[in-house]
Amino acid sequence: MEPAYTSPGHDQTDRYLLQQMSATEEQQFINDMQADPALAAAVEEQRRVILGIRRAAMENDLSQFHATETQKPATVISFPARKLWMAAAIAGLLVACFWLFRPGAANQRLYTQYFKPDPGLLTAMGASDQYEFDKAMVDYKTGNYTAAITAWSKQLAVKPASDSLLYFIGVAELANDQAGKAIPYLEKTVAQKNSVFISDAYWYLALAWLKEQKPAEARKALEHSRHEKAADLTAALNK
Amino acid sequence: MDKSKTGHVPIPQTLRLQDPRWLHTVYQENFPKALQYLLRNNGTEDDAKDIFQEAFLVLWQNLEAGKFKPENDDAVSGYLFQVVRNKWIDRLRADNRRPTTTLKEENFAGLAASTLNSEEENRIAEISRRFQQLGENCRQLLTRFYYRKMSMKEIAAHFGWTEATAKNNKYRCLQQLRTMIS
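Residue numbers (the working numbering), protein chains in the order written: chain A, 1 to 239; chain B, 1 to 182.
Think of the hints as simulated: they come from the structure by calculation, not from any bench. Treat the numbers as computed from the prediction; the structure is a model and nothing was measured. Possibly wrong hints are sitting among the right ones.
When the alpha-carbon atoms are kept at most 30 Å apart in a straight line, the in silico DSBU-like pairs for lysine-lysine are as follows [to be verified]: (1) B:K49 to B:K33; (2) B:K153 to A:K229; (3) A:K214 to A:K239; (4) B:K149 to A:K193; (5) B:K33 to A:K154; (6) A:K116 to B:K153; (7) B:K153 to A:K159; (8) B:K69 to A:K135; (9) B:K49 to A:K135; (10) A:K214 to B:K33.
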């Protein structure tokens with residue numbers, strides 16, 4: 001076995017800074033630092049080094065965050081342009097009235113109001129699958145849902161019980177306007193009672209049923225979701 | 001190294017590591033408001049991206065260092081927006097441009113107290129810059145361990161190393177970085 005090439009206390013410092021110590025061990029380490037200023041200084045420097053590393057990684061992630069940022073606020077409109085906009089708005093209103101009050105429009109409206117794709121993961125699976133999963137996650141985050149679904153489906157064939165794959169394929173199908181295809185994946189996710197995705201999977205399952213014009217099924221799914229907007233959507237469905 | 005008046009070295013605080021998924025959500029939910037604000041105040045979309053990302057780094061850094069301890073997401077949004085406004089006002093003043101809408105500054109005073117001091121910030125920024133000069137394997141290894149929170153076992157599997165080799169390489173990479181910043 002290869003000998004450990006680390007300085008004494010190096011791993012301990014990391015475990016302290018990364019909050020991986022038990023309460024007793026942490027208190028002992030704090031006592032050691034109080035008794036040994038050189039140790040405290042070394043720990044302080046390591047804290048800054050970790051912050052520097054994390055800052056560099058965060059900066060790299062910011063561009064990825066921005067690439068997935070799709071929500072744009074209304075553009076600031078100058079006064080002369082407003083007249084044109086108002087005329088267009090009035091003309092559009094008649095069409096909108098017909099559209100909004102057609103059968104099933106309320107469900108679609110709620111779906112549009114509440115659906116926002118899961119922001120995705122930065123890491124999820126074991127190391128050997130990491131690259132392919134992450135590559136597809138980049139496709140997902142940049143809105144290329146079809147490419148993400150294709151890549152993840154290949155992985156799912158090898159790991160059919162992977163809740164990460166089932167969940168993200170389901171959400172990607174929904175984001176791709178394929179609620180019917182999303183439902184089986186999300187149902188398989190919620191069937192895994194210990195999955196970390198279970199609450200979110202129920203949320204997207206409810207939205208998928210809503211898009212499929214099945215509000216009763218949506219209500220049932222919402223009962224199991226702890227999503228922050230689950231209560232709001234339930235109330236809106238019960239109006 | 002900072003020392004108190006009594007000569008004692010302050011005990012370092014542990015890091016408060018933020019979940020990248022939550023950070024992504026914060027970014028998505030708050031960027032539109034910043035964009036709207038910048039567009040209404042002589043800014044462009046590029047300005048909005050720059051200013052928002054600078055502000056986001058300030059928020060993130062102060063969360064990690066435990067200098068800002070929000071009670072809920074609203075506090076995070078409010079803080080972020082204040083930093084955006086501060087940074088944009090500074091930029092406008094520097095460029096001799098004037099905002100087109102009234103900018104309220106009454107909440108700006110409390111912000112400075114909860115941000116990192118400039119010496120600390122400069123040091124961390126320097127470490128970050130030097131980190132980018134490390135080789136690809138070192139950057140990947142340290143990022144996976146300190147940012148992605150992967151175990152040494154997972155990292156070893158990713159690189160096709162033994163766990164002991166992964167640990168040794170991590171130590172060597174850190175030493176390399178320390179040499180660059182010393």
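Hints, verified against the model:
1. B:K49 to B:K33: Holds - the C-alpha atoms of K33 (chain B) and K49 (chain B) are around 12 Å apart, at most 30 Å.
2. B:K153 to A:K229: Answer violated: K153 (chain B) to K229 (chain A) is near 38 Å, above 30 Å.
3. A:K214 to A:K239: Satisfied, since the Cα-Cα distance of roughly 15 Å is no more than 30 Å.
4. B:K149 to A:K193: It holds: about 25 Å lies between the C-alpha atoms, which stays within 30 Å.
5. B:K33 to A:K154: At roughly 39 Å apart (the allowed maximum being 30 Å), K154 (chain A) and K33 (chain B) break the hint.
6. A:K116 to B:K153: This hinted pair is violated, its Cα atoms lying about 35 Å apart.
7. B:K153 to A:K159: holds, 21 Å
8. B:K69 to A:K135: violated, 34 Å
9. B:K49 to A:K135: holds, 24 Å
10. A:K214 to B:K33: violated, 34 Å
Consistency with the previously given hints fails for numbers 2, 5, 6, 8, 10, ordered from lowest to highest.
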